[in-house]
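Asks: Each chain is listed here by its residues.
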Amino acid sequence: MATKVKKMLFILSKATIDNVYAAFIMANGARMEGIDAEIFFTFFGLEAIQKKKLDHLHVATVGNPAMHMPTLLGSLPGMEAVATKMMKKEMEKLDMPPIGEFLEILSDSGVSLWACKLAVEMFHLEEKDLIDDLDGILTIGDFYNRANEDGTQMLFI
Amino acid sequence: MDNIKRNEQGYLEDFSQWTKEVGTEIAKEKEIEMTEEHWKVISYLQEKHENEESLSIRGIKKSGVVNIKEFYNLFPGGPLKISTMIAGIPKPKSCI
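The listed protein sequences correspond, in order, to chains H and C.
Our numbering puts the first sequence at residues 1 to 157.
Our numbering puts the second sequence at residues 1001 to 1096.
Read the hints as simulated data drawn from the structure, not as lab findings.
Please note that a few of the clues may not be correct.
[As the list claims (entries may be wrong)] Stretches of chain C that chain H covers, calculated by requiring three or more beta carbons in the stretch to come under 8 Å of a beta carbon on chain H:
hint, stretch
1, 1053 to 1063
2, 1067 to 1077
[Said to hold, decoys possible] Listed below are the simulated BS3-like cross-link pairs for lysine-lysine, each with C-alpha atoms no more than 25 Å apart in a straight line:
hint, chain 1, residue 1, chain 2, residue 2
3, C, Lys1020, H, Lys93
4, C, Lys1069, H, Lys6
5, C, Lys1005, C, Lys1030
6, C, Lys1028, H, Lys6
7, H, Lys7, C, Lys1061
8, C, Lys1030, H, Lys51
9, H, Lys93, C, Lys1062
10, H, Lys53, C, Lys1061
11, H, Lys88, C, Lys1093
12, H, Lys7, C, Lys1081
13, H, Lys89, C, Lys1048
14, H, Lys85, C, Lys1028
15, C, Lys1028, H, Lys88
16, H, Lys51, C, Lys1061
17, C, Lys1048, C, Lys1061
18, H, Lys4, C, Lys1048
19, H, Lys88, C, Lys1030
20, H, Lys6, C, Lys1091
21, C, Lys1091, H, Lys7
22, H, Lys7, C, Lys1030
23, H, Lys6, C, Lys1093
24, H, Lys7, C, Lys1093
25, H, Lys7, C, Lys1069
26, H, Lys4, C, Lys1020
27, H, Lys53, H, Lys7
28, H, Lys89, C, Lys1093
29, H, Lys51, C, Lys1093
30, C, Lys1030, H, Lys6
31, C, Lys1048, H, Lys93
32, H, Lys89, C, Lys1062
33, H, Lys4, C, Lys1081
34, C, Lys1030, H, Lys93
35, C, Lys1061, H, Lys89
36, H, Lys4, C, Lys1005
37, C, Lys1005, H, Lys93
38, C, Lys1061, H, Lys4
39, H, Lys93, C, Lys1028
40, H, Lys51, H, Lys128
Just so we're clear, the structure is a prediction, and the values are computed from it rather than from any experiment.
Backbone N, C-alpha and C fix where the C-beta goes; we use that ideal spot for every residue, glycine too.
Bound conformation, chain H alone (with noise of 0.2 Å):
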């Protein structure tokens, strides 16, 4: 079946276990049905392409209502750690790469993965903290240049 969507791109700008998920799941979903993909990591989302803290990723315990506990108790030390294991868990369960080799997966599909340059200002870092499979540091507006063509959807998470 063709399809009108031909290439999506993702913001991630959150370093929450289940928000770097959705967007690795989506892009890899998309180049699987033959639909281009990029992913432009800012703000927080930068956790997630930085080799000392990708493999630390949290589930937030405190202010998720999906968690179903008081905020006094999700916000125990040890808490968002346990949370964590156990969703870790379940994915595995499921075969859900780690968020490493989850990396690897979507650059070799083809996805681009992009960091933004202010973001990468704003928290100090140096290309040498970042995944060696990243495309490279960009500006938003050289983002939205790769969103001129027909057929594409930005989408923020």
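Chain H is fixed; fit chain C onto it per the hints.
Replies: Structure of chain C alone, referenced to chain H:
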């Protein structure tokens, strides 16, 4: 090909009807010229299907048969859904 039963998306309804010739014909519809490399992937997919193991891009990565870049090059435009069609097995249901 006329007596080969396929669903509306083009997948074979009955794997017992599959032959290499059928696979070659489906590949032609997708503008793919089958090579030894293609057939290696097809055999891998059929083996997985026979063992009732689910197919995913991560599985392809670990397969040792083909890497992801090659997989996309061999079956452009949706590699897993095209390769499974050529292999005569159902389209994978997984989101990854």
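Asks: Of the hints stated earlier, which fail here?
Replies: 3, 8, 14, 15, 18, 19, 26, 27, 29, 34, 36, 37, 38 and 39
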